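Listed below, chain by chain, are the residues.
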Amino acid sequence: MTTIPLRQMQKGQSGSIKAVKATGELGRRIREMGLVPGTQVTICGKAPLRDPVALRVLNTTLTLRNSEADHIQVEVQ
Amino acid sequence: MNTQITMALAGNPNAGKTTLFNTLTGARQHVGNYPGITVDHKEGRTRFNSREIIITDLPGTYSMTAYSAEELVARDYLVKQKPDVVVNIVDASNLERNLYLTCQFLELGVPLVIALNMMDVAQDRGIDIKVDKLSQLLGVPVVPIIARSGKGKDELLETVIAVAENSGQSQATSCTITYGEDIDQSRQELVEIIENNKFLTNTYPAGYAAIKYLENDDQILEVGRAAHTQIAAQLEAIVEKVSKHTLKTLEVYPEAIIADHRYGYIKSIVRQGVITQKFDSDRLYLSDKIDKVLTNRLIGPLAMLGVIFGLYHITFSWSEIPVGWLENGFAWLGDLVEKHMADGLLKSMVISGVIDGVGGVLGFVPLIMLMFFGIAVLEDSGYLARIAYMMDRIFRIFGLHGSSVMPFIVSGGIAGGCAVPGVMATRTLRSPKERMATLLTAPFMNCGAKIPVLALLIGAFFSENEAMYMFIFTLLAWVVALLAAKLLRSTVLRGEPTPFVMELPPYRFPTLRGLLIHTWERTWQYIKKAGTVILGISILLWALMTFPGVPDQETAGFEVKRQAIMNTATPEVAAEIESDAPELSENALALKSELLSIDNAESEAALRHSFAGRIGTTLEPISEAAGFDWRTNIALVGGFAAKEVIVSTLGTAYSMGEVDVEESRSLGQRLQNDPGWNKVSAVAALVFIMFYAPCFVTVVCIARESNWKWAAFSMGFNTVFAFSLATIVYQLGTFLNLG
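Each protein sequence line maps, in turn, to chains R and P. With this note's numbering, letter number 3 in the first sequence gets 3, and the count goes up by one each step, no holes. With this note's numbering, letter number 333 in the second sequence gets 333, and the count goes up by one each step, no holes.
In short, the hints are calculated from the structure, not lab data. Hints may contain errors.
[What the hints assert, rightly or not] When the alpha-carbon atoms are kept at most 20 Å apart in a straight line, the in silico SDA-like pairs for lysine to any residue are as follows:
(1) P:LYS289 with P:SER381
(2) P:LYS241 with P:ILE231
(3) R:LYS21 with P:ASN216
(4) P:LYS241 with R:THR23
(5) R:LYS18 with P:GLY264
(6) R:LYS11 with P:ILE231
(7) P:LYS289 with R:GLN10
(8) P:LYS561 with P:PRO571
(9) P:LYS267 with R:LEU58
(10) P:LYS278 with P:GLU96
(11) P:LYS244 with R:GLY27
(12) R:LYS46 with P:SER287
(13) P:LYS130 with P:GLU155
(14) P:LYS561 with P:GLU594
(15) R:LYS46 with P:LYS289
(16) R:LYS46 with P:LEU302
(17) R:LYS46 with R:MET1
(18) P:LYS292 with R:GLN10
(19) P:LYS133 with P:THR176
(20) P:LYS292 with R:ILE43
(21) P:LYS130 with R:GLY27
(22) P:LYS679 with P:LYS486
(23) P:LYS198 with P:ALA227
(24) P:LYS82 with P:ARG51
(25) P:LYS433 with R:LEU26
(26) P:LYS289 with P:ALA303
(27) R:LYS18 with P:LYS278
(28) R:LYS46 with P:LYS486
(29) P:LYS679 with P:GLY459
(30) R:LYS11 with P:LEU286
(31) R:LYS11 with R:SER67
(32) R:LYS21 with P:LYS592
(33) P:LYS267 with R:THR42
(34) P:LYS292 with P:TYR383
(35) P:LYS289 with R:GLU75
(36) P:LYS486 with P:VAL252
(37) R:LYS46 with P:LEU305
(38) P:LYS241 with P:VAL252
(39) P:LYS528 with P:THR546
(40) P:LYS592 with P:ALA569
As the structure is a prediction and not an experimental result, all values here were calculated from the model.
Let's have the full structure, built from the sequences with the hints guiding it.
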């Protein structure tokens, strides 16, 4: 079990959100989409230009920019 | 007992809200202002059990913060209009995330009914939901529905009526969410102060205002300060104290704790046997499989270009036949009037002003309909979101947001949109700077009104490869718009980028009904504009081009020349011409063509002398640099009122300038044969038309979305910018002799 920033996760890798460091608007937006501590995420792909990243969260697919994924710490196996 | 019930429809984007709205109201709906985005209230009616229900479709939101204009619209509607019932549409296949918004309705304490949509999809995914249990735990009625097929619709309306009738008696159950010791304690303190002072309690319930204070909600803070400075300061002090505390102990602000606890509350409900997962949730759904291909590194962008180009091809080739019918129809109508009406000003007005003007615009309806239909397919299927996802990296370079794609596409990024809804679609963008940059550059796109002009000029000068050239001009619009956006974002609109957290909705087969409603709404707007504004302008322009007419002296001059020619003719030939014989001898034909050239010169003189001609001629010394003569100038001035007017004005200008040209010849052919036009001047005109001042309606919208200063800026900036580009094209093209 290690904790890494979401950006460093590989395609297909899963984990559980440990902490969301973002504040203000970005923080609100991230949380309202269900990215809160304890939520399971799986990286399901990256855009053709490697950014943004697409994740599967609570049965939906979300997209985040890499710079935004930096704020999310994920515990991975 | 009042028989009318007001009901608001709220929910997450992509939860099926619009589908439910269409299912409930059918054709009885009124779209306030502009479709493409539901920021303005959509209202519809339905009757059920002899009760009239007025349904308002609120914009889709994930939350109720003061985070975007849409969320504010939804929230303000709920607190100010106080609808009898709020129907919260919840996607059953994505329950947890959808319930986050529900939590906030519970906090707000509105009379709530939950419509649990897409039960079929949930079942397919092996998700089994105990509806009764969910209803019991949340303390609100829950009705399972399938919005697409209308299943459960009657039960939903029954529940709505029941809730509306009871809303006076049983107050909505108070929300039972707890937010942890620190927050709950501060919340209690805030509630006490709020209740004791009746602070904003007319608008917001005390508990709700307290939560919003803890969330540091800008709008409420502002309203609070305006209402009572001292109490507001007192409340803010409490929030600051707890913020410091949570920051020290947990390294987060209270709003993060509140969000975490809302999700905690949702998880606790869901885990009490509401959801049973029958099979593995990580199963690869069809939608993900499609994404594997359509957002693939190599295939994705190619597929995207293919989709856009395909849309073009279909639109242009399929619309050819009905467009031809309409053109012939209007030509026939013109002929009819020509034959049966007495000569004079009225006839001239009917043919040149009304029929040519409106016909030129309505002739493009089939094309615009097909284009809107195509856009609706992309929108409803979920593919547009993928375009935003794939394009974000590029858009960010220009200081924009992946979501800028929507306004750009609606404005005509896929040609055929309209800058008016496009400008309004910028409301979804949260950063004021990215929004302004999008707002100002979206009108550069090739809107549906520019399409007739583009189609006319491309058809006339590049007919060998029409679709290809349309595509090139669309790409050009994108390149120019993006560069202009970058220019704005690094000068007048400098600033940090905003978050790109977005949902990729699962692919869905669009419903035919939804597509038709979508297409019809947009096409109807175009027709309405054509039928009203354009007709008025067309007549006004006819007047501008007819009056005050040629001075008597010059008319006499033309008459003298005519007489001189007739005097050279033998009596037989003169008699032949007077007799209007169908077959003329060679001599008579030669004479007739001489007379015709004098007629043409006279008509041209008439137009030159008209008000419009005077404006055009005055501008000619300047516009010559870009290859525009006075006729084009008149059309371009008219185009400021609405771009499609350019076509009708050119039509009027040329049909009046060249008397007795065969009626069947289309305007395109006329331009082709005109010595003043060639490929280079056509491209220069296209470039200018694409980028100069947006039409008046768009300018008004820009002003409404920002202010008149920006609206004036967009007119001035765009015109100077477009003229510079057109001049470069014309001078360079002429120099290289490309014409």
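20 Å Cα cutoff - pair LYS241 of chain P, THR23 of chain R:
holds (18 Å)
Given pair status - LYS486 of chain P, LYS679 of chain P, alpha carbons within 20 Å
violated (30 Å)
Please work out if LYS289 of chain P and ALA303 of chain P have their alpha carbons no farther apart than 20 Å.
It holds: about 15 Å lies between the C-alpha atoms, which stays within 20 Å.
Are the Cα positions of LYS486 of chain P and VAL252 of chain P separated by 20 Å at most?
Violated, because 35 Å separates the two Cα atoms, which is more than 20 Å.
Please verify whether LYS18 of chain R and LYS278 of chain P have alpha carbons no more than 20 Å apart.
Cα-Cα ~28 Å, so violated.
For the pair supplied as a hint, LYS433 of chain P and LEU26 of chain R, confirm whether the alpha-carbon distance does not exceed 20 Å.
holds (16 Å)
Next pair to validate is LYS46 of chain R with MET1 of chain R; report whether the Cα-Cα distance is within 20 Å.
Violated, at roughly 24 Å.
Take a quick look at whether LYS241 of chain P and VAL252 of chain P sit within 20 Å of each other, Cα to Cα.
Holds: LYS241 of chain P and VAL252 of chain P sit about 13 Å apart, inside 20 Å.
Compare the distance between the alpha carbons of LYS46 of chain R and LYS289 of chain P with 20 Å, and conclude whether the hinted pair is satisfied.
At roughly 14 Å apart (the allowed maximum being 20 Å), LYS289 of chain P and LYS46 of chain R satisfy the hint.
Given the hint that LYS11 of chain R pairs with SER67 of chain R, does the C-alpha gap stay at or below 20 Å?
OK: LYS11 of chain R and SER67 of chain R at ~17 Å, within 20 Å.
Satisfaction of hint between GLU96 of chain P and LYS278 of chain P, Cα-Cα up to 20 Å
Answer holds: LYS278 of chain P to GLU96 of chain P is near 17 Å, not above 20 Å.
Pairwise hint evaluation, GLY27 of chain R against LYS244 of chain P, where the allowed Cα distance is 20 Å at most
Judged against 20 Å, a Cα distance of about 18 Å means the pair holds.
Comparing the model with each earlier hint shows violations of hints 6, 17, 21, 22, 27, 28, 32, 35, 36 and 39; every other hint is respected.
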